[in-house]
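**Q** Chain order of the listed sequences is A, B, C, D, E and F.
Numbering that gives the first Met the number 0 puts the first residue of the first sequence at 0, with every later residue one more than the last.
Numbering that gives the first Met the number 0 puts the first residue of the second sequence at 0, with every later residue one more than the last.
Numbering that gives the first Met the number 0 puts the first residue of the third sequence at 0, with every later residue one more than the last.
Numbering that gives the first Met the number 0 puts the first residue of the fourth sequence at 0, with every later residue one more than the last.
Numbering that gives the first Met the number 0 puts the first residue of the fifth sequence at 0, with every later residue one more than the last.
Numbering that gives the first Met the number 0 puts the first residue of the sixth sequence at 0, with every later residue one more than the last.
To be clear, the hints were calculated from the coordinates, so they are not data collected in a lab.
Possibly wrong hints are sitting among the right ones.
[What the hints assert, rightly or not] Distance condition first, Cα-Cα at most 25 Å in a straight line; then the derived SDA-like pairs of lysine to any residue:
1) A:Lys20 - B:Leu327
2) D:Lys100 - E:Ser334
3) C:Lys169 - A:Val337
4) A:Lys200 - B:Asn330
5) A:Lys100 - B:Ser321
6) C:Lys2 - C:Asp48
7) F:Lys2 - A:Gly70
8) A:Lys169 - E:Phe80
9) D:Lys20 - E:Ile101
10) F:Lys100 - C:Phe80
11) F:Lys269 - D:Asp274
12) C:Lys297 - C:Asp189
13) A:Lys297 - A:Gly233
There are 6 protein chains.
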Amino acid sequence: MGKLVCFGEIMGRFSPPGYLKTIQTNSFQLSFAGGEANVAVSVANYGGDVKFVTKLPDNDLSRRCIRILRGYRVNTDDVIFGGDRMGIYFVEKGASQRPSKIIYDRKYSAISQADPSEFDWDKIFEGAEWFHFTGITPALSENMVCACRDAVKAAKKKGITISCDLNYRKNLWSSKRAGEVMSELMPYVDVCIANEEDAEKVFGIKASNTDVTSGTLNEEGYREVADQLIQRFGVKKVAITLRGSISASDNMWSGILYDGKQFYHSREYKIHLVDRVGGGDSFGGGLIYSLMRGDDDKTAIEFAVAASCLKQATEFDFSESSVSDVELLMNGDASGRVRR
Amino acid sequence: MGKLVCFGEIMGRFSPPGYLKTIQTNSFQLSFAGGEANVAVSVANYGGDVKFVTKLPDNDLSRRCIRILRGYRVNTDDVIFGGDRMGIYFVEKGASQRPSKIIYDRKYSAISQADPSEFDWDKIFEGAEWFHFTGITPALSENMVCACRDAVKAAKKKGITISCDLNYRKNLWSSKRAGEVMSELMPYVDVCIANEEDAEKVFGIKASNTDVTSGTLNEEGYREVADQLIQRFGVKKVAITLRGSISASDNMWSGILYDGKQFYHSREYKIHLVDRVGGGDSFGGGLIYSLMRGDDDKTAIEFAVAASCLKQATEFDFSESSVSDVELLMNGDASGRVRR
Amino acid sequence: MGKLVCFGEIMGRFSPPGYLKTIQTNSFQLSFAGGEANVAVSVANYGGDVKFVTKLPDNDLSRRCIRILRGYRVNTDDVIFGGDRMGIYFVEKGASQRPSKIIYDRKYSAISQADPSEFDWDKIFEGAEWFHFTGITPALSENMVCACRDAVKAAKKKGITISCDLNYRKNLWSSKRAGEVMSELMPYVDVCIANEEDAEKVFGIKASNTDVTSGTLNEEGYREVADQLIQRFGVKKVAITLRGSISASDNMWSGILYDGKQFYHSREYKIHLVDRVGGGDSFGGGLIYSLMRGDDDKTAIEFAVAASCLKQATEFDFSESSVSDVELLMNGDASGRVRR
Amino acid sequence: MGKLVCFGEIMGRFSPPGYLKTIQTNSFQLSFAGGEANVAVSVANYGGDVKFVTKLPDNDLSRRCIRILRGYRVNTDDVIFGGDRMGIYFVEKGASQRPSKIIYDRKYSAISQADPSEFDWDKIFEGAEWFHFTGITPALSENMVCACRDAVKAAKKKGITISCDLNYRKNLWSSKRAGEVMSELMPYVDVCIANEEDAEKVFGIKASNTDVTSGTLNEEGYREVADQLIQRFGVKKVAITLRGSISASDNMWSGILYDGKQFYHSREYKIHLVDRVGGGDSFGGGLIYSLMRGDDDKTAIEFAVAASCLKQATEFDFSESSVSDVELLMNGDASGRVRR
Amino acid sequence: MGKLVCFGEIMGRFSPPGYLKTIQTNSFQLSFAGGEANVAVSVANYGGDVKFVTKLPDNDLSRRCIRILRGYRVNTDDVIFGGDRMGIYFVEKGASQRPSKIIYDRKYSAISQADPSEFDWDKIFEGAEWFHFTGITPALSENMVCACRDAVKAAKKKGITISCDLNYRKNLWSSKRAGEVMSELMPYVDVCIANEEDAEKVFGIKASNTDVTSGTLNEEGYREVADQLIQRFGVKKVAITLRGSISASDNMWSGILYDGKQFYHSREYKIHLVDRVGGGDSFGGGLIYSLMRGDDDKTAIEFAVAASCLKQATEFDFSESSVSDVELLMNGDASGRVRR
Amino acid sequence: MGKLVCFGEIMGRFSPPGYLKTIQTNSFQLSFAGGEANVAVSVANYGGDVKFVTKLPDNDLSRRCIRILRGYRVNTDDVIFGGDRMGIYFVEKGASQRPSKIIYDRKYSAISQADPSEFDWDKIFEGAEWFHFTGITPALSENMVCACRDAVKAAKKKGITISCDLNYRKNLWSSKRAGEVMSELMPYVDVCIANEEDAEKVFGIKASNTDVTSGTLNEEGYREVADQLIQRFGVKKVAITLRGSISASDNMWSGILYDGKQFYHSREYKIHLVDRVGGGDSFGGGLIYSLMRGDDDKTAIEFAVAASCLKQATEFDFSESSVSDVELLMNGDASGRVRR
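Given these sequences and hints, build the entire structure.
**A** This is the structure we're talking about:
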């Protein structure tokens with residue numbers, strides 16, 4: 000199995016203990032996370048060879064972040080040091096009818112202000128087989144739009160497979176600007192990942208007969224969404240996660256994978272949530288790992304959904320599952336019996 | 000919107016971490032709470048102008064309590080300092096079939112031993128529009144029976160709206176004594192609040208066809224209860240919370256509001272509980288706020304029930320919701336989707 | 000009510016906070032537990048007179064363990080000090096589809112290496128009425144096989160009632176060796192306790208029409224299992240716990256008790272789990288206590304199942320329930336309403 | 000060595016983490032302590048046979064307290080259950096020039112309101128050799144004055160040695176009332192323990208040439224104090240602790256023991272304090288243990304001072320030292336080198 | 000006593016537990032602090048009437064900050080909401096030879112980007128008697144240079160006393176720029192506060208015969224510094240803190256106050272540090288309070304130094320002392336004896 | 000600078016919070032440490048290229064350990080997985096006269112039972128320049144005596160510099176056996192590291208006029224010790240740490256380095272201890288790093304002593320200092336002033 004390169008922002012995540020709200024507490028756990036870093040850690044945990052590329056300020060907070068990533072066997076040799084700050088965010092965990100709430104303080108982060116020329120893609124992609132980024136990276140700044148453009152071009156030239164998780168963030172850019180930029184980047188993308196809302200928010204492609212807020216998701220509608228993405232941008236595969244939000248404590252979770260011919264809808268899990276943030280990224284990580292090791296599409300979507308089901312029963316953004324953990328679940332044992 | 004005055008005891012609440020029992024732990028979180036203080040904080044959080052009146056001993060524990068209340072924008076200028084002690088209680092959180100358990104150590108508290116003459120109601124009620132107390136206050140001592148009598152008379156004279164939450168506490172007084180005292184106070188009350196058991200425990204008014212322990216609550220029966228309270232005491236509105244206790248982890252939750260003519264039964268929520276203590280008070284806080292700002296009864300009961308639903312998905316006694324948090328839920332989004 | 004003697008290993012249990020995995024945390028809570036120690040604590044909590052016998056190394060960790068046991072009113076006068084180490088284990092709590100996971104580090108523990116002659120059973124059993132051990136003890140080492148053999152012989156000679164929880168542990172011995180040893184010990188046993196898998200794993204006695212991993216448990220099949228244990232070994236009563244594992248967060252829980260004539264299947268509880276480890280032991284503790292105080296079989300199985308239901312809504316291995324806690328539940332109040 | 004009986008109040012102690020002030024924190028550690036309970040635990044830790052007598056309310060907080068005491072091998076069989084509440088107090092740890100600060104909430108405690116007749120001293124003193132109480136107990140209430148009078152009379156009749164730590168508490172009674180009561184009780188006392196201020200505060204016996212606030216303590220002056228206590232009340236031995244308070248972080252610590260003939264001033268320790276509360280009680284515990292096992296006065300005072308030096312380098316009120324810990328220090332090794 | 004207005008940045012401070020370094024931990028305590036906010040809290044704690052003016056982003060972190068300030072009785076009515084972010088910083092506590100270390104992430108904070116016109120000084124200063132700011136505020140941005148210029152002009156016009164703590168921060172501006180700006184602002188200042196290095200760093204005014212790194216501070220040299228500040232800028236009083244840094248655990252601490260005629264050097268304290276950050280601000284707070292209530296200069300400098308001595312034995316930036324706490328120390332009791 | 004290889008055991012270290020004793024707490028922090036692992040981390044933190052070789056069981060505790068080491072940039076590619084268990088130990092931190100106390104549970108660890116042939120030294124030493132081990136490794140078992148013999152022979156053959164820290168552990172072997180084994184290994188050693196007691200305990204070489212327990216260490220005596228080690232075993236350099244233990248809270252700390260000609264005694268530090276465990280290893284790490292990068296002996300001993308001084312003001316076994324942290328201190332700034 001070849002090398003995966005992930006490119007994007009990594010932030011400090013401050014979490015109150017248990018179900019406390021940010022406004023209630025003076026005690027926080029600091030972890031690190033980001034759409035692409037989460038994928039990097041997932042794949043490294045499965046045993047993959049992964050490099051994570053970003054820019055971080057030169058201080059002890061960044062050094063802690065690097066120490067943590069290195070601990071997960073993620074290569075950080077191409078991380079650039081400099082700039083003003085690391086983005087941070089606060090995640091208060093919801094419960095029952097009370098929604099989880101995220102406060103971002105990521106503006107002016109080192110990577111968002113980085114010059115595109117700081118990233119030497121030829122060197123970064125040496126020996127790489129797969130490149131992954133998300134829609135968050137170009138949303139950070141115009142500089143990052145350029146950096147992503149440079150990256151996908153360099154990757155394509157080297158014959159590297161490219162995956163992109165649309166990951167629309169309304170705080171970072173408008174649907175209009177997202178649509179413009181992503182439309183330019185998508186033709187380079189081989190595998191497009193999205194959640195049940197992204198395609199509509201970014202490209203205006205809406206699943207028919209679906210109401211996300213009421214939790215009614217229509218399988219056929221998402222096949223059409225996937226098909227349109229394939230038609231419009233020439234992507235080879237589209238994977239979409241389908242979250243049915245019963246409450247902040249319980250979610251339905253499944254995924255689809257479509258290559259224009261075969262359509263797979265995975266097993267659906269009812270998850271009693273521990274921490275749902277990072278769920279989509281662990282889906283991406285599972286999918287990329289499974290496809291990189293040569294699994295067929297049916298296996299890949301089941302692996303991705305089982306992996307991300309386990310992640311959502313795990314604290315913090317990073318997946319902590321091994322391949323055997325995931326396979327145990329996808330092969331049917333969801334009983335949660337004690338393993339001794 | 001005018002000023003709300005709340006009068007009653009505030010206590011130190013010691014909570015073990017997570018689901019530990021009091022007997023298992025040496026680690027406690029200290030928060031402050033009380034039937035009327037909880038209402039005060041609720042309404043202050045919504046932006047209301049609130050004064051809380053009590054008596055506390057002159058020590059650092061009280062100073063911490065005052066610091067906390069002031070932080071919530073509750074006016075504490077009329078708190079009296081003196082007396083022997085602040086009441087405390089220990090709340091161990093139940094789960095599944097294991098019930099939550101409260102140990103009170105509130106006897107001899109400064110307020111319970113306060114002389115009624117210490118409270119200068121004319122001064123306290125200056126500029127007030129609404130006065131709230133609960134059945135806990137007169138239950139504390141005969142002195143407090145007098146203080147409540149003084150308070151409702153002074154309030155009535157000034158044309159202040161009076162609300163009372165029956166809040167029957169069997170550890171503090173007998174049903175008989177409660178009935179005598181509350182029967183004397185109720186004629187002054189405009190808005191009477193109760194839970195599914197209070198009317199029976201205090202006045203012997205029982206909902207027909209209802210078995211609280213089995214969780215079967217009969218809507219029609221509670222309309223009759225409300226009607227009898229209106230008939231017997233001349234209160235203008237009666238609001239009753241209806242808790243269906245599936246287990247210590249999951250409860251059904253709704254409320255009714257009746258003014259003798261229009262009867263409203265709110266939407267019912269299934270709550271996966273975080274901390275149910277203070278649930279009734281946050282209902283009272285929501286109701287009073289909504290009525291004070293001029294909402295109609297239908298809106299008021301939905302606001303109150305949504306507010307108290309959110310509170311029960313929140314740690315500690317105090318509601319931490321804003322008006323927009325509550326309105327988001329009462330307007331239909333109970334999906335608990337992450338808010339970014 | 001007479002004295003109960005429990006014999007076996009007690010270990011240090013390290014638990015990460017909340018739902019963190021062992022690999023995610025540097026923070027652990029240390030409690031102490033073991034199949035027989037858990038039973039000892041259960042019965043001592045109900046007010047029983049209990050002695051716990053084991054061997055522990057002579058260090059402060061053991062002294063802490065003894066301090067804790069003594070706190071629960073368990074007599075530790077016959078604990079032997081010496082040997083190399085106390086066994087330890089790590090329990091990470093699962094959630095939803097993510098299973099709980101136990102890492103054992105119990106090899107070379109003082110008790111596993113103890114010489115059988117170190118235990119003076121005549122002295123230990125002075126004044127005893129009931130002796131309890133589990134299949135874990137002989138599984139520790141050949142020395143412990145001897146010690147158990149010595150113990151049951153000495154107990155039988157003194158007319159002491161003997162109970163044994165099969166408690167099969169695949170990490171400690173093979174099904175084959177377990178079958179050989181337990182077949183030798185069972186003829187001394189009066190009350191045999193097992194979970195839904197033990198009889199099959201140890202003696203090859205399988206419940207018909209039952210699939211443990213899918214959660215389908217067949218009542219009639221377990222009556223047959225109990226009957227075979229009675230037929231084969233002459234035990235007087237067989238009690239079996241039936242766990243239906245919906246997920247790592249929710250389990251169905253009931254038990255059966257059979258004496259060859261009367262068959263009782265208890266009420267079944269749906270438990271929202273707090274900590275399921277030690278569930279079976281608290282069942283054993285409840286059963287032994289109830290039988291020791293002279294309850295009939297129907298009461299005993301209901302007491303045992305209610306006791307172990309409450310334990311699984313309680314943190315750590317030890318039951319923390321009183322007799323009245325258990326009786327409240329078995330008499331029907333599973334509503335989890337707050338007790339003040 | 001015979002049995003020691005200790006009689007007095009035990010309270011819940013709430014401690015903020017580290018050096019936080021009570022007003023700064025919502026997080027507390029709960030331990031249990033009291034002048035006589037601290038002595039009981041000290042002696043039990045040394046291996047002595049100790050009974051602690053008190054009255055506690057019938058609730059889980061008391062049950063936790065009893066569990067803790069039992070864990071230390073303190074016999075609690077004669078603890079009476081009933082009454083309203085357990086006294087509590089808050090200890091914030093000072094540092095440097097900032098003094099430690101204690102907030103008491105002990106009024107109305109079960110023991111302070113107990114009827115003297117509830118204590119059956121004949122039964123309590125069965126098999127006892129030594130009885131210990133402190134001046135705090137009679138200071139609690141007039142009822143406790145009677146109870147102490149009953150106790151010392153009963154003890155004297157049985158030929159039991161009696162020790163009393165004067166332990167003057169200005170919050171509980173005036174110097175005048177203390178002088179009256181203690182003057183009545185002292186004639187029964189064999190061993191009188193005091194700190195550098197008690198004799199003056201209770202009996203007006205002041206050490207010459209000494210200024211406690213400036214830290215100047217005059218050895219000769221304290222010999223005179225001891226001598227006067229012997230002359231006035233006929234006590235056999237007087238032991239006085241001498242604390243030189245450099246700051247809230249560093250104290251000088253020594254003690255004297257005088258029997259009217261031989262005067263011993265112990266080695267003096269400079270202590271970098273961990274927790275000085277309970278220091279005097281651990282001195283009393285060390286002294287009583289050493290005298291009970293038959294040590295000469297020189298050994299006893301060195302044992303007591305070394306024991307209480309170690310306690311003040313230990314968290315919470317209870318001494319956690321073994322005999323060998325104390326002897327190692329009193330025999331000269333104060334280097335604090337790591338023990339492996 | 001009149002009203003004090005403080006103007007400046009308030010930041011979130013993240014502190015690792017105990018002596019852990021930032022790079023070692025994932026656990027942080029969040030408090031709030033800033034040079035002027037610390038002064039505001041000090042004076043409010045003494046009972047003063049204080050308003051704090053700043054700009055904060057409109058999110059829950061700011062709402063928590065406001066809640067905390069309000070709890071201390073600081074008026075926050077003129078805080079402006081808007082802008083991108085709240086500045087944060089990480090403080091790792093040094094010990095012995097290991098220095099404390101602060102990582103700032105304050106760039107782009109809401110206040111640093113605020114438009115000077117957002118602050119309506121006429122309204123802000125209504126009823127004010129004293130205005131305090133520090134050199135940190137103009138160091139934040141050119142906009143804040145203007146805002147400070149506007150503020151001092153408006154204050155001067157209203158006859159408000161102005162104090163300024165030079166508080167030089169090399170990360171925010173160069174000595175050159177600091178000198179230019181502060182030279183323009185100083186002519187408006189009545190009371191100038193500085194530490195042992197500020198005058199040299201900002202204005203090049205160096206104390207003779209002093210080596211800060213070696214801890215040798217020359218009293219006479221600092222009188223000269225004060226004198227030059229008075230001569231050059233016409234300030235009425237100069238107060239300088241003198242820190243002799245023995246190690247990260249122990250510091251010498253005193254202060255001088257000079258009005259051009261009378262020179263006072265306070266008592267010097269040897270402080271065993273708990274948290275030295277905010278020490279200078281608590282000195283400023285003590286000085287301003289003492290002068291505002293009309294103390295003479297000798298009292299004021301002793302009050303300021305005692306107050307800041309206590310602060311440095313207290314966790315976090317805020318002073319938690321009352322007037323009586325400070326007066327007890329300045330009147331001579333530095334023994335740290337327990338206060339009950 | 001070339002590659003360093005360290006070989007030895009790494010253990011789980013459980014630490015109670017603050018100054019709590021093991022017997023007092025149920026809360027532990029888990030870190031990882033070992034004589035050689037501590038050196039590896041030190042050097043990796045300075046930027047060195049380091050490989051750590053050991054054997055660990057195949058479980059999540061080991062995986063956490065590896066994750067942590069990798070985070071510090073220590074290469075773990077040659078760690079062998081298998082065997083029964085990871086050694087653990089408990090460190091309770093002493094204070095003042097109360098000594099720190101370590102409980103080991105390291106017997107039967109995977110490495111102690113490893114077969115010497117499992118370590119392929121030719122492969123391990125590929126590209127290595129320096130090999131470090133301590134006397135703890137051969138003390139673990141006879142197998143490890145062989146493994147160390149194999150290692151030093153293989154290293155010598157490749158011309159790799161060998162350092163050994165004598166690190167005598169009386170719990171692991173007798174002085175006699177240590178003397179035999181180390182005498183065989185020392186002839187291969189180039190740089191011998193020891194503390195003030197090791198040479199006497201292992202080889203009977205005692206410093207004249209020195210009494211370790213009283214804290215009197217004689218510089219000249221240690222030069223003689225170093226000289227004898229050089230004479231007897233032909234080692235090139237001897238470095239000895241000199242700890243003057245004033246108390247468990249304060250230690251004097253310096254070191255000597257002797258090459259048979261030049262004798263250097265470093266600056267001496269008075270350390271207010273945060274955590275002294277691992278102090279000697281951080282000295283070794285500093286010395287090896289400094290010598291590897293080509294510093295002269297005077298620089299090397301000052302670097303080593305400054306590095307280990309900082310470590311002892313840092314929590315846990317691992318040094319967390321950078322080269323610039325160490326150089327700042329060795330170049331004279333011990334004032335502990337805040338670094339911003």
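**Q** Give a verdict on every hint.
**A** Evaluation of the provided hints:
1. A:Lys20 - B:Leu327: 17 Å, holds
2. D:Lys100 - E:Ser334: At roughly 13 Å apart (the allowed maximum being 25 Å), Ser334 (chain E) and Lys100 (chain D) satisfy the hint.
3. C:Lys169 - A:Val337: Status holds; Cα separation ~13 Å.
4. A:Lys200 - B:Asn330: 23 Å, holds
5. A:Lys100 - B:Ser321: Within the cut-off at roughly 13 Å; holds.
6. C:Lys2 - C:Asp48: 5 Å, holds
7. F:Lys2 - A:Gly70: Holds. Lys2 (chain F) to Gly70 (chain A) sits at ~20 Å (cutoff 25 Å).
8. A:Lys169 - E:Phe80: 21 Å, holds
9. D:Lys20 - E:Ile101: 24 Å, holds
10. F:Lys100 - C:Phe80: Given pair Lys100 (chain F), Phe80 (chain C) holds - Cα atoms ~20 Å apart, limit 25 Å.
11. F:Lys269 - D:Asp274: The hint holds at about 24 Å.
12. C:Lys297 - C:Asp189: 17 Å, holds
13. A:Lys297 - A:Gly233: 21 Å, holds
When the structure is compared with the earlier hints, no violation turns up for any of them.
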